[in-house]
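Start from chain A and add chains B and C according to the hints.
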Amino acid sequence: MRFSFGKALLPIYTVLALIFLLIPIGYTFAFSFNASDKSNIVWRGFTFNNWTTVCQAQGVCDSFVNSIFIGVVATALATAIGTAMAIALVRYRFRFRGPVSLLLFLPMATPEVVMGAGLASQFLTAGVEKGMTTIIIAHTLFCLSFVVVTVKARVASLDPALEEAGRDLYGSPAQVFWRITFPLLLPGILAAAMLSFALSFDDFIITYFNSGSIYTFPKFVYISAARGIPAQANVIASAVFILALTIVIVSQVFASRKAKKLAAPIS
Amino acid sequence: MAFAAFANTAQAVDAAPRKSSKIALVLLAPGLAYLALFFLTPLVALILTSLQAPALYGDMGEYVYAFRWENYVAVVNEYGETFLRSFGYALIATMAALLISYPIAYFIGVRARKWPAIQAIALILVIAPFFISFLLRTLAWKQIFSDDSWTMETLKALSILGPDAHFTGTPFAVIFGLTYNFIPFMTLPIYTTLERLDTRYLEASGDLYARPSTTFFKVTLPLSMPGIVSGTLLTFIPASGDYINASGDFLGGPSTQMVGNAIQSNFLVILQYPAAAALSIMLMAVILVIVAIYVKRSGTEDLI
Amino acid sequence: MATGTFAESGADLELVGITKRFPGFTAIENLDLFIPAGSFFALLGPSGCGKTTTLRLVAGLEEPTEGKILIGGKDVTNMKSYQRPVNTVFQSYALFPHMTVLENVAFGLHRRGIKDAVAKAHEALILVELDHVANRKPQQLSGGQQQRVALARAVVNRPALLLLDEPLGALDLKLRRQMQLELKAIQTEVGLTFLHVTHDQEEAMTMADTVAVMNKGRIEQMGAPQELYELPRTAFVASFLGQSNLFTGQVVASTSDTISLDIAGNHIVVPKARAARHTGLVTVGVRPEKLTLHTETQTHDAGQNVLTGGVVKDVSFSGVSTQYIVSFPDVGDIVVFAQNMVFGPVVHEGAIVSVSWNIERGFGIEDHPEQAGKFVPDDNTASIAVAQRKALSAELEGA
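Protein chains in written order, with full-length UniProt numbering: chain A, 1 to 267; chain B, 1 to 304; chain C, 1 to 399.
Pulled out of the complex, with its shape left as it was, chain A reads as follows (with noise of 0.2 Å):
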């Protein structure tokens, strides 16, 4: 083939582009091995240290397993309640059907600033104190529509003919739920799972303003980088983002041989 600068053009910028996304990320792995003191701004040489004392820096565990926990319960709260919306949205009739479609887009148009200084006045006036409750509360509102949304889509391209078929081969009510439209409706829901829990772990902005005394691990940075972060924060952050990265890759390569399996041509 003619190689024309033409053609290039597109798959080059995209290359650089994809670079531009991911320097930060390089920029904060390669500070996970930096051999820092005080503050982690400066590189002063490779050490494999700040992996081996990840606890040893103050709070840096602390409000990662405060994140992971949050993230967990929200995640559970909002794709319970979620789901049930999504299935009742497009599977059954109703008034009103546009002002709860309307509810559950508002929170996806609301700043975040804003949907935490409300839930944070909403706290104060009613003298709840602000703690691990309160985020919780929190991330389960903002994961919510997302929920709705990513199962919706889900719940929409099931072939209604397949409840219909369970129902006409002698399945009852639960058993149709629990061993048809459930397990269709599976990998939305994973999926939706999946970006709850990834929102509520990056929260900085709603989760301020409901924490009270309780660190998550954007809390943390955040407080930090007013004097420093430690590199056992970078650690943390490279962790984390090669585990979602292996989950991710290992997910796409077990989805497009599955694919291709389905694919393979039979008699």
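Hints listed in this document are in silico derivations from the structure and should not be mistaken for laboratory results.
When the alpha-carbon atoms are kept at most 27 Å apart in a straight line, the in silico BS3-like pairs for lysine-lysine are as follows:
1) B/114 to A/258
2) A/7 to B/218
3) A/260 to C/137
4) C/80 to C/115
5) B/114 to A/7
6) B/22 to C/80
7) A/258 to C/137
8) C/290 to C/272
9) C/68 to C/80
Some chain B residues near chain A, calculated using beta-carbon distances under 8 Å:
10) 107
11) 111
12) 133
13) 137
Below, a sample of chain B positions facing chain A; criterion: calculated Cβ distance under 8 Å:
14) 100
15) 124
16) 125
17) 135
18) 280
19) 291
Glycine included, each C-beta is placed from N, C-alpha and C at the ideal position.
Showing chains B and C alone in chain A's frame:
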């Protein structure tokens, strides 16, 4: 992911909803209760707070209910410029993110179709930033371009920048940070619409005497509108409320404060809840108006 | 009924006064229907005629607004779908994508707690010659294979009544023929009652013992396929089931066994026994293949109807036969099918011809002429789109 889902909703035709039943109510009830309790009520709380007056002889941070609409006037006087700056920054960052993201999305979604492996890798790289704390990523830029960093010194040595040039603390740095942070949010929805684009339309357009550029503006671009709309909303809304990039500890400085910074400091630092609430309500109202007009004009109302 | 036992044989199906209204429109209007046990019954009609709704009512997937449904004499109107001794082969097959072929076929047996479910499922797969793919996922099968799995999944339960919802619609012509034969063979083999819903008249006629032509929520005519074809009672049946040439005219004479109509000066004779109405303005018809084309002027022969002075407007060759459209002044266009006994068409466009047919071949329909006219079947894509838009807006209103 949800970004895809955000773009997808327009296509999701309801598959024959037919039962109007109590089951729907049972399924919806927990979610509706949750949203009422923790989304609608807080908005009401915010409105009420925004009208409060300081308690007589009270401590700092103590307020009583009043109908003090003057709070809004005070806030507009004090933060009018900050407001304009916020939307200005958000708008520029959204446009920049769109210009940077569209070619990426086009390459992955259309051009790379023949090579699924490249498509998958590029897509993973686009979402990779989600897997690492955005605070750390933003800090990384700050450090890469800090005044005494070798990057800045190299740029100065090469005379690309003047000898007293700064990066952090400038509007450019804040907009740069916003743009960078929201590129994935812009790229993914556009990618999902382009990925479904039937290339036969492009062939048909070429067949009907359209030059490639005409085909792009008359066929490709209109067909990718749903993705552009969700991408710009997913960027503009959070960007206009963001206060990390503009914060002094990150890429901003005293002259780059956005409305998010004002809300945060009023609420959490100087404990002027009514001012913070009034700012929040105004921010929300302006955004809703902008979103409503935008969604109407772009003809993608079923996005919701 | 649903648990433990198989139906010994097919059962009767009886619909009594069934009406089904959806918000904004009525799908079925006061429908009575009796299908005897062991028969292969086809419900034929254009899309939107209510045939699929009828089937869904029988399956228990919809509830009738009024009326009763009896299977084997037992009232099942208030039974849930999963309690009825009925199985369906869905239009889209609706095979569970997350289960293997075998799991799909065994699903109903497991739900009913039947012993040897797996062995029985294998037997059913052997019946449709697909046992070798028992462990594949449905997506790995071709359309025809999926259709056979869907059939096996339904038949394995030995339902008293098997419902087929356009199961062959997704297949190409050759495969469809093959499946038609297979379906018919299975029906005779297992002796169940089949209720087959289709818009394909050929499919209905080749497979069913009894065909009911449905239109706008009512059954227009019911009977054996030949009977419906040879003696349609309404303009709808005459045009939906094959093609017909229809003429409307005043009855000007009548004998003890014929009536004679005046159609633009021509006398057309129809036997009284084959005409629904004998006086006044009457519409009569004749099938295109019953017509003979003549190039020389025909003398009036008793026992023949003759129209003269037609101009051939169009000739289209379709292998077995050639279709001529002949235009007669004041009468209109008449379609003639001629067998291709010789090489090439007999006449060319522009030729002056006459047509004739045996008066015994004509028929007179029930419809009042004002309503009848030339029927345009309601199955073109535009009208389907309109119907769907109506259904959609009805749904939105109801929401």
